[in-house]
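Spelled out, the chains give:
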Amino acid sequence: MSAVALAWQQFRFERKLFWRNPSAAFFNFLLPLLLLVLIATAFASDGSELDVLIPGVAGMGVLATTFTALAYNLTLLRDEGVLKRIRGTPMPAGAYLAGFIGSATLNAILQVTLVVAIGNLLYGVDWPQNPATLVGFTLLGVICFASLGVAFSHIIPNEEAAPAYTNAVFLPVIFISGVFYSSDDLPTALRGVAEALPLKHLIDGLSEGIVGGGSDIGTAAVVVAAWAAAALFLAVRFFRWE
Amino acid sequence: MTDLHKAYGPVEAVRGLSFEVGRGEVFGLLGPNGAGKTTTVEILEGYRQRSAGDVRVLGHDPETRDRDLQQRVGIVLQNCGFYPRVTVQEAVEHFAKAYDTPRDADETIALVGLGEKSDARTKDLSGGQRRRLDLALALVGDPELVFLDEPTTGFDPAARRTAWGVVKTLKELGKTVLLTTHYLEEAHELADRVAIVKDGRIVAEGPPDQLGPGSSGYRVSYISAGSRVEHQTDDPTELLHRLTRDAIARGERLEGLEVTRPTLEEVYLQLTTEADSG
Chain A
1 MSAVALAWQQ FRFERKLFWR NPSAAFFNFL LPLLLLVLIA TAFASDGSEL DVLIPGVAGM
61 GVLATTFTAL AYNLTLLRDE GVLKRIRGTP MPAGAYLAGF IGSATLNAIL QVTLVVAIGN
121 LLYGVDWPQN PATLVGFTLL GVICFASLGV AFSHIIPNEE AAPAYTNAVF LPVIFISGVF
181 YSSDDLPTAL RGVAEALPLK HLIDGLSEGI VGGGSDIGTA AVVVAAWAAA ALFLAVRFFR
241 WE
Chain B
1001 MTDLHKAYGP VEAVRGLSFE VGRGEVFGLL GPNGAGKTTT VEILEGYRQR SAGDVRVLGH
1061 DPETRDRDLQ QRVGIVLQNC GFYPRVTVQE AVEHFAKAYD TPRDADETIA LVGLGEKSDA
1121 RTKDLSGGQR RRLDLALALV GDPELVFLDE PTTGFDPAAR RTAWGVVKTL KELGKTVLLT
1181 THYLEEAHEL ADRVAIVKDG RIVAEGPPDQ LGPGSSGYRV SYISAGSRVE HQTDDPTELL
1241 HRLTRDAIAR GERLEGLEVT RPTLEEVYLQ LTTEADSG
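Protein chains in written order, with the working numbering: chain A, 1 to 242; chain B, 1001 to 1278.
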């Protein structure tokens, strides 16, 4: 089988594994959507709050399905010796990782789609104003946060530590990056941190794609792309099979 | 493989190991824990880079991780996990895809004796069953050469017999097997040739029956004045002649006279403890 065919086989296998893990499916998929519905129903009385919330939860969905899921799963597979076993077969490393990361990418795309659909169907938010921008930022976000997830797995010592490590990043970052409220309302110091990290910029780009408004997204694209390049380098350079 | 060296920082795990394994042969690396067996095998498998020496596996340098080589090799590692939430059947079928000419998945599962467990999830397997699945995943590519790193450690005696049966089947199929073990019985039962490894060096090598350090091939013992006297020799004929002649000259009998060849276990213990004191 060619490397491309093997990557496809691995992708299909990963899809099967994903749906067989109800708790992962819940945390990756349902929890962000549940938060969206709860917060939108409880607090978002007008359109402007929804305009912050919908892109915010879409960004959080990208973070959860790529960064958190990959960092966690890679640590587990490495700790259990599954990566080492794969390394001993003729499966090309690139084909394996393409299938594995491709599955996370599909989750991210599904998540963004679901968030947008729920926003429209339940809360009357308009369909995306700039679909090309939305697609572009979703893909850029996936590359950035998938690479960060792989790179981050290198510093997680073992399986037991994985939830603590990933949550130690995930929770503070969604808190300061304007997922549930605009990050413009934060104190200057925290805003500075959020500005330096990629999630806030991803959400800005998604916001332009979904809500529109004509704001400049050049800086946002550059920051996410810079993080993506650095993370990709670290992910490849320090990859460990065991 | 000639003069293999592997150092981890200042620690030399393998210090000048050389051996050759012929096609269709079962070769055993026998030694205590920490002797350098796993390091050696993992270099041959392509997991580690050697510090020095020349290594060829089926004509390839394993360090280059050539895909053509990996198509022809099956690896059973120590302590290696499975994909979670898949059945035995699914795991074997999935791994088969990476090979150009795989064995049939059902046939492979039957070969290792997991036929009744093919629909069981991997997490529900017992220790022995997990080891058999390890073997199935190593064999599904129909390899010419199989590496077995301590394949039966932690097995109960019945499971060990079953695993030995599988290794013997591999030999009948004409596969070359490189096996590491710290069980003497296992090396004796399975290997055509054994190398005893201690502190990163081979201290003895040969067919298990004929293994013996050069200086003490035979042991001649008898009881004299109530205690057992022991001689070690490569030439028991000459020694016996001398001992019996002297005894007859003194008008004595050599009580409890015995001539024995050391067992593999004795050779092993002697060699590994000798190296300890050296």
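One should not assume that every hint holds.
Now the stretches of chain B that chain A is said to cover, found in silico as 3 or more residues with beta-carbon under 8 Å [as the list claims (entries may be wrong)]:
#1 1035-1042
#2 1092-1103
#3 1193-1199
Below are the BS3-like pairs computed for lysine-lysine, each with C-alpha atoms no more than 25 Å apart in a straight line [stated by the list, open to error]:
#4 A:Lys16 with B:Lys1168
#5 B:Lys1123 with A:Lys16
#6 B:Lys1097 with B:Lys1123
#7 B:Lys1097 with B:Lys1117
#8 B:Lys1123 with B:Lys1175
#9 B:Lys1117 with A:Lys16
#10 B:Lys1123 with B:Lys1171
Listed next, with one range per pair, are the computed distances between beta-carbon atoms [stated by the list, open to error]:
#11 B:Asp1061 with A:Pro22: 27 to 33 Å
#12 A:Ala5 with B:Gly1127: 51 to 57 Å
#13 A:Ser182 with B:Gln1078: 49 to 55 Å
#14 A:Leu190 with B:Thr1101: 46 to 52 Å
Since the hints were derived computationally from the structure, they do not count as laboratory data. All C-beta atoms, glycine included, are put in the ideal place defined by N, C-alpha and C.
Violated hints - listed by number, lowest first: When the structure is compared with the hints, numbers 1, 3, 4, 8, 10, 11, 12, 14 turn out to be violated.
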